[in-house]
Amino acid sequence: MNCSEVMVRYLKEAGIGQVFGYPGDPSVPFLEACRLEDMPFVLATREGTAGLMAEAYGQLTDLPGVCLSTLGPGSSNTINAVASAYLDRAPMIAISGQIETRREALFTHQVMDHNRVFAPITKWTTSINPHTVGGIMRRALRLSVSERPGPIHISTPGDFVGADAVDAEIRLPPLHAEMEGGLVWGGVEKLIARIKAARRPVILAGVSAIRSRATAEITALAEQLGAPLVVSPMAKGIVDETHPYFAGTLDMACNKFIWDFLKSSDLILAVGFDAVELIKPWTLSVPVVHIDSVPNTDQIYQADLEAVGPIAPMLSILLAGLRVEGPRWTEAEIAGHRAELRRNYLAGRVQGRLNPSDVVETVLAASSKDTLVTSDVGSHKLLVGQGWVAQQPKGVLMSNGLSSMGYGLPAAMTGSILSPERDVVCFTGDGGLAMVQGELRTASALKLGGLTVVVFCDNSLNRIELKQLARQYPSFGTRIEPTDVPLLASSMECDGVSVSSIPELERVLANRRPGGDRPLVIAAQIDPSQYAAQF
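Counting from 8, one number per residue, gives the positions in the sequence shown under this note's numbering.
Treat each hint with caution, since some may be false.
[Stated by the list, open to error] In silico lysine to aspartate or glutamate, DMTMM-like type, Cα no more than 20 Å apart, as pairs:
id	residue 1	residue 2
1	K263	D305
2	K270	E338
3	K454	E488
4	K203	E332
5	K270	D311
6	K203	E230
7	K287	D267
8	K130	D305
9	K263	E340
10	K197	E332
11	K19	D174
12	K376	E513
13	K376	D430
14	K130	D166
15	K401	D258
16	K270	D377
17	K19	E39
18	K197	D273
19	K401	D365
20	K19	E44
21	K287	D258
22	K270	E347
23	K376	E428
24	K263	E347
25	K401	D377
26	K19	D32
27	K454	E500
28	K197	D311
29	K376	D365
30	K401	D69
31	K454	D502
32	K263	D273
33	K401	D247
34	K454	D524
These aren't lab readings, by the way, just hints derived from the structure by calculation. Please read all numbers here as calculations on a predicted model, not as lab measurements.
The task is simple: from the sequences and hints, build the whole structure.
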C-alpha cells in the first residue's frame with residue numbers, strides 16, 4: 008500500500024465512515040485511496056465548513072471526524088474548524104497537503120509551517136513519511152479520542168502522500184478502552200460523607216458526562232440525593248429535561264436567574280463540567296466537589312475533593328454508598344423554580360409579532376423527541392440553549408467552546424448524513440447563514456430531505472448591537488443587508504419560505520418533509536426586541 012492507502016485503511020478499521028473536505032493537488036493520491044477503499048467523501052464548498060462537518064461527526068459518534076484540505080490557503084482556511092474542535096472537545100483528524108519535502112525548506116509559494124500554525128490549537132501536529140505513517144495513524148486515532156478529546160493535524164507532503172509505505176501494517180489501537188473505578192483525592196468515604204452532609208446540593212453536569220454516557224447514573228444521583236440538575240449547553244439532554252429535577256441550562260438565556268439558583272445551594276457536584284463553556288467568570292463561593300475524567304487543573308473553581316476517572320463507573324460507586332437522610336430540596340421547590348425560569352424565558356415578548364422564543368417554542372411543539380437540533384452562534388443560541396427541551400443525549404449540538412459562527416448548518420448536515428431517517432433542525436441567524444450559505448447546495452446535492460434550516464432574520468449582528476446600546480452607543484457596523492432567503496434557497500435547489508407569524512410557521516412545519524429529498528429553509532422574520540429584555 009502507499010501512504011494514503013494506509014491512512015484510509017486505518018480510518019476504515021476505526022469505524023470512521025466519512026471524510027469531509029476540499030482537495031488540492033497534494034490530495035490526489037488520498038482521494039484515490041478513498042475511492043479504492045469505498046470511503047465516502049463529501050465535497051464541501053470550502054475547507055472551513057468541511058472542518059465543521061467533521062467536528063460535528065466527532066461530537067455525534069465519539070470517533071474522530073476527518074477533514075481534508077490542500078496546502079497553503081487550504082490549510083489556513085481549516086484553522087477555524089480545528090480551533091473549534093479543540094475548544095469544543097471534539098475528536099478530529101485534520102489532514103492537509105504540503106509541498107514536497109525536498110522543496111519545503113527553500114520554496115515559499117503557498118508554503119506555511121503547519122507545525123507552528125496548528126500546534127496551539129491541536130493535541131498533536133505531525134507529518135507523515137513512508138517509515139512512520141502507520142504509527143502516526145495509530146497515535147492520531149488514540150490521542151484524538153483520549154480525554155479531553157480534540158483535533159490532530161497531519162501534513163501529507165507531496166512526495167510522500169502517494170509513496171509506497173514501509174510502515175504499512177494495520178494494527179488498530181483500542182479507541183475507547185473500558186475503564187473501571189477512578190482516583191478519589193481525599194478518599195471515597197470522605198467524599199460520600201461530604202455529599203451526605205449537604206442539605207441543598209445541586210448537580211452541575213457538563214459535556215464530559217455526555218462523552219461518558221452517564222445519563223442513567225446522573226439521573227439516579229439526582230433522584231437519590233433529591234438534588235436539582237443544571238447542565239452546561241453542550242451537555243443538554245444528559246438527563247431528560249422533562250424530568251422534575253431538571254433545573255435549567257447555565258449561561259444561556261436567564262443566566263443571572265440560574266446563577267442565583269446555584270448560589271442558593273450549599274454544595275455543587277460538578278460532574279463532567281468543563282469550564283471552557285463559561286461565558287463569565289465563576290464567582291460562586293459555594294463548595295464544589297469535582298467529578299470528572301480529568302483533574303481540576305483549570306482551577307476556575309476550587310474543589311477540596313476530586314474524583315478523577317471514568318465518570319459513569321465512579322458515580323455507580325458513589326450511588327452504592329449514598330444513603331441520604333434529612334431535609335432536601337422538594338419537588339415542589341424545583342417545580343416553582345422551573346415555573347419562574349419559564350416566566351423569565353418568555354419575558355420581553357411583543358404582542359402581535361413573531362418573537363425569537365416563539366420560533367423556538369413553535370418548532371419544539373412540531374418536533375419529536377428524536378429530532379436532532381443544531382444551533383449556530385448569536386442571540387438566538389441563548390434562547391435555544393435554555394428553551395429547547397432536550398430529551399436524549401446528543402439531541403442538541405452547538406459550538407460553545409470556541410463558539411464559532413457558521414457552525415450550525417454544517418453540523419446539521421452531518422447529523423442528516425449520519426441519520427437520514429431523522430428530522431434535523433438547524434437554528435441559525437441571518438449573519439451565520441451568510442457565512443456558510445453555499446453549503447445549502449451541498450445539502451441539496453446530498454438529498455438531505457430531513458433537514459430544516461430555521462433562519463432568525465433581523466438584519467443585525469444582534470449580540471454586538473445590544474452591547475453597543477448598553478454603552479449608549481448608536482448601532483454602527485452591525486447591520487446586515489436583507490437577503491431574500493427563499494430565493495437564495497431556491498437557487499441552491501432547496502425549498503424556501505418566509506414566515507412572520509406563529510400560524511404561518513405552524514403551517515409550514517406541519518407540511519415539511521412530505522417524502523421529498525430537498526432541504527427546507529424557513530426565513531423567520533422576527534422582532535428582535537425580546538433579546539434586549541433577555542440579555
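Taking the hints in turn, this is what the structure says about them:
| no. | hint | in the structure |
| --- | --- | --- |
| 1 | K263 with D305 | violated, 23 Å |
| 2 | K270 with E338 | holds, 19 Å |
| 3 | K454 with E488 | violated, 30 Å |
| 4 | K203 with E332 | holds, 8 Å |
| 5 | K270 with D311 | holds, 18 Å |
| 6 | K203 with E230 | holds, 14 Å |
| 7 | K287 with D267 | holds, 14 Å |
| 8 | K130 with D305 | holds, 17 Å |
| 9 | K263 with E340 | holds, 18 Å |
| 10 | K197 with E332 | holds, 17 Å |
| 11 | K19 with D174 | holds, 17 Å |
| 12 | K376 with E513 | holds, 18 Å |
| 13 | K376 with D430 | holds, 10 Å |
| 14 | K130 with D166 | violated, 25 Å |
| 15 | K401 with D258 | holds, 19 Å |
| 16 | K270 with D377 | violated, 34 Å |
| 17 | K19 with E39 | holds, 15 Å |
| 18 | K197 with D273 | holds, 17 Å |
| 19 | K401 with D365 | violated, 23 Å |
| 20 | K19 with E44 | holds, 8 Å |
| 21 | K287 with D258 | holds, 8 Å |
| 22 | K270 with E347 | holds, 16 Å |
| 23 | K376 with E428 | holds, 14 Å |
| 24 | K263 with E347 | holds, 13 Å |
| 25 | K401 with D377 | holds, 10 Å |
| 26 | K19 with D32 | violated, 23 Å |
| 27 | K454 with E500 | holds, 10 Å |
| 28 | K197 with D311 | holds, 11 Å |
| 29 | K376 with D365 | holds, 19 Å |
| 30 | K401 with D69 | holds, 11 Å |
| 31 | K454 with D502 | holds, 12 Å |
| 32 | K263 with D273 | holds, 18 Å |
| 33 | K401 with D247 | holds, 11 Å |
| 34 | K454 with D524 | holds, 5 Å |
In summary, the structure is inconsistent with hints 1, 3, 14, 16, 19, 26 from the numbered list given earlier, while agreeing with the others.
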